[in-house]
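**Q** With chain A fixed as given, assemble chain B onto it according to the hints.
Letter by letter, the chains look like this.
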Amino acid sequence: MRGTWLLMKRALNEVIRVPGAAIPGIMAPALFLLGLTAVFGKLTLLPGFSTNDFMAFILPVSVMQAATFSGAATGVNLARDIEQGWFDRLYVSPLSRGSLLAGHVFSASLRAMMPITAVILIAVIFGVGIQGVDGLLLAIVIAGAFAATIACYAVILALRFRTQQAAPLMQAGGFMMVLFTTSYAPLELLSGWFQEIARYNPVRFILEGVRQMSVYGVDWSHTWKAVVALAGIALVFGTLAMRGLNRAADPA
Amino acid sequence: MSTAVAARLRPSPGLVANARVVGALSMRSLKQAFRRPQFLAPIVIFPSLFLAVNVGGAGRATDIPAFPDVAGFLDFELAGAIVQATMLSAVSGGIALALDIESGFMDRLIASPISRAAIVVGRLASTAVMGVIAGVWFIAIGLIFGAEIKAGVPGALLVIVLAAATASAWGGFGAALALRSGTASVVQGVFPLVFVIIFLSSAFFPGNLLLEPAKTISDWNPMSFIAEAMRDPIVSGISGEPLLEGVLAIAGVLALGAGLSVWGLRKRLAG
Numbered sequence: 303m304r305g306t307w308l309l310m311k312r313a314l315n316e317v318i319r320v321p322g323a324a325i326p327g328i329m330a331p332a333l334f335l336l337g338l339t340a341v342f343g344k345l346t347l348l349p350g351f352s353t354n355d356f357m358a359f360i361l362p363v364s365v366m367q368a369a370t371f372s373g374a375a376t377g378v379n380l381a382r383d384i385e386q387g388w389f390d391r392l393y394v395s396p397l398s399r400g401s402l403l404a405g406h407v408f409s410a411s412l413r414a415m416m417p418i419t420a421v422i423l424i425a426v427i428f429g430v431g432i433q434g435v436d437g438l439l440l441a442i443v444i445a446g447a448f449a450a451t452i453a454c455y456a457v458i459l460a461l462r463f464r465t466q467q468a469a470p471l472m473q474a475g476g477f478m479m480v481l482f483t484t485s486y487a488p489l490e491l492l493s494g495w496f497q498e499i500a501r502y503n504p505v506r507f508i509l510e511g512v513r514q515m516s517v518y519g520v521d522w523s524h525t526w527k528a529v530v531a532l533a534g535i536a537l538v539f540g541t542l543a544m545r546g547l548n549r550a551a552d553p554a
Numbered sequence: 155m156s157t158a159v160a161a162r163l164r165p166s167p168g169l170v171a172n173a174r175v176v177g178a179l180s181m182r183s184l185k186q187a188f189r190r191p192q193f194l195a196p197i198v199i200f201p202s203l204f205l206a207v208n209v210g211g212a213g214r215a216t217d218i219p220a221f222p223d224v225a226g227f228l229d230f231e232l233a234g235a236i237v238q239a240t241m242l243s244a245v246s247g248g249i250a251l252a253l254d255i256e257s258g259f260m261d262r263l264i265a266s267p268i269s270r271a272a273i274v275v276g277r278l279a280s281t282a283v284m285g286v287i288a289g290v291w292f293i294a295i296g297l298i299f300g301a302e303i304k305a306g307v308p309g310a311l312l313v314i315v316l317a318a319a320t321a322s323a324w325g326g327f328g329a330a331l332a333l334r335s336g337t338a339s340v341v342q343g344v345f346p347l348v349f350v351i352i353f354l355s356s357a358f359f360p361g362n363l364l365l366e367p368a369k370t371i372s373d374w375n376p377m378s379f380i381a382e383a384m385r386d387p388i389v390s391g392i393s394g395e396p397l398l399e400g401v402l403a404i405a406g407v408l409a410l411g412a413g414l415s416v417w418g419l420r421k422r423l424a425g
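First to last, the protein sequences are chains A and B.
For the first sequence, the working numbering gives the first residue as 303, with consecutive numbering after it.
For the second sequence, the working numbering gives the first residue as 155, with consecutive numbering after it.
The shape of chain A in the complex, shown without the other chains (with noise of 0.2 angstroms):
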């Protein structure tokens, strides 16, 4: 548990030292709130929309991809590490595997809440109205697990490619995931091919349970579906982040 912490106050250092570092983490997903908002508003219109404000309606895409570039920038760290050679002196630590992957993921969630509270601040400045604290404070978790989730698949990529250059590979990857699910529109009102990824696609149950902060509410039906889907990306990304740290200990 201690390496765990010391890990994660490391990773929290390189914020608190370098904080100009977290502006495009704040940027981009305040760019894409507004400009969205901007550019497909007009969607409410379509009849069976959930919501007549597209920017509430999208806010929880910003927060997810506020979520998945914090956990991109842990597998971006963890490659910088693996170049400079500092990872290969915490493999000969007697730090556990186990903890040697919780601190740097969970370190994603604690970085996360910054980005995620300005993008929130944001788009409550111009007008999103919030559906009460527990809506908030279920979203800000489901946010923080997810980026968690996201550094394991980044440690994954970290740890195949041991460069930084995989750096697009991590952001868009996560990105991705969270854009082709109902983040522009209810899943009624995508258009074919799209629906059924959108259908089939687990990250669109997390982004509904975020989307109980600005849209639907809390409700039970939104919040287990989310939770589910997130124990079980966690889970696939989580064994296979913590086989390759296993492989790249033991090349052989």
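You can take every hint at face value.
In silico lysine to any residue, SDA-like type, Cα no more than 20 angstroms apart, as pairs:
{"hint": "1", "chain 1": "B", "residue 1": "Lys369", "chain 2": "A", "residue 2": "Leu333"}
{"hint": "2", "chain 1": "A", "residue 1": "Lys344", "chain 2": "B", "residue 2": "Val207"}
{"hint": "3", "chain 1": "A", "residue 1": "Lys344", "chain 2": "B", "residue 2": "Leu363"}
{"hint": "4", "chain 1": "A", "residue 1": "Lys311", "chain 2": "A", "residue 2": "Asp383"}
{"hint": "5", "chain 1": "A", "residue 1": "Lys344", "chain 2": "B", "residue 2": "Asp223"}
{"hint": "6", "chain 1": "A", "residue 1": "Lys311", "chain 2": "A", "residue 2": "Ala404"}
{"hint": "7", "chain 1": "A", "residue 1": "Lys344", "chain 2": "B", "residue 2": "Phe221"}
{"hint": "8", "chain 1": "A", "residue 1": "Lys344", "chain 2": "B", "residue 2": "Ile371"}
{"hint": "9", "chain 1": "A", "residue 1": "Lys344", "chain 2": "B", "residue 2": "Asp373"}
{"hint": "10", "chain 1": "A", "residue 1": "Lys344", "chain 2": "B", "residue 2": "Lys369"}
{"hint": "11", "chain 1": "A", "residue 1": "Lys344", "chain 2": "B", "residue 2": "Pro367"}
{"hint": "12", "chain 1": "A", "residue 1": "Lys344", "chain 2": "B", "residue 2": "Pro222"}
To give an idea of the interface, some chain A residues facing chain B are shown, with a C-beta separation under 7 angstroms as derived from the structure:
{"hint": "13", "residue": "Met329"}
{"hint": "14", "residue": "Leu333"}
{"hint": "15", "residue": "Val341"}
{"hint": "16", "residue": "Gly343"}
{"hint": "17", "residue": "Lys344"}
{"hint": "18", "residue": "Leu345"}
{"hint": "19", "residue": "Leu347"}
{"hint": "20", "residue": "Leu348"}
{"hint": "21", "residue": "Met478"}
{"hint": "22", "residue": "Ala487"}
{"hint": "23", "residue": "Phe496"}
Worth flagging that the hints you see were computed from the coordinates, not collected in a lab.
For glycine and all other residues, C-beta sits at the position ideal for the given N, C-alpha and C.
**A** Chain B alone, transformed into the frame defined by chain A:
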């Protein structure tokens, strides 16, 4: 034809030499782009994924009463994807130029007996070729997934020419930024600006259906005119007004970008 007239029509040796330099430098830039997937991926893969998400996620937008009469949302979105790709080509070209400055290759070019302008023009020529690639790619993607180019082959060719011109026009800004900053990370930092310019234009959605203040800004954004000029041959046919407005917008962006590049080059040489 008399010998005197023939001699007058023959290109000067200086011009031929410069053209050769521009050709060699643009070929080098293209090889660089194809050898490094991180330069090529943003131009083709990201706009393709956004095209898929926009069409799949907002495809029913054509049911909105004020939406223009188009065969499908994919037809409408193709121009948006192409202009996005051309702008990303411009940024990628700027990053590659900045990397040349960082690695010292630019200094060797400046020390060599070639025209200074040819160094920048060579880079812009390769950006134009990337624009052609983007145009061909998205027209192919559109046709495969059921879009229709209403103006036929001439319309498709016109879109490709406009894409090339747009890429090199915005490439001037990328080159200027690279020449002034000399660092790839600074040029890379303008990636979000690409999305700002596109979101504030009618590239992805009809101008009349944008929310304020994007609606008003899009009326003046040159990217709107460029996107409409590319969209016209796809959704309706080639018509004079959108084409003229698009060409003028490209010319304006090109003039400003080229001017900034020349200024950037002069500053670099003076520094």
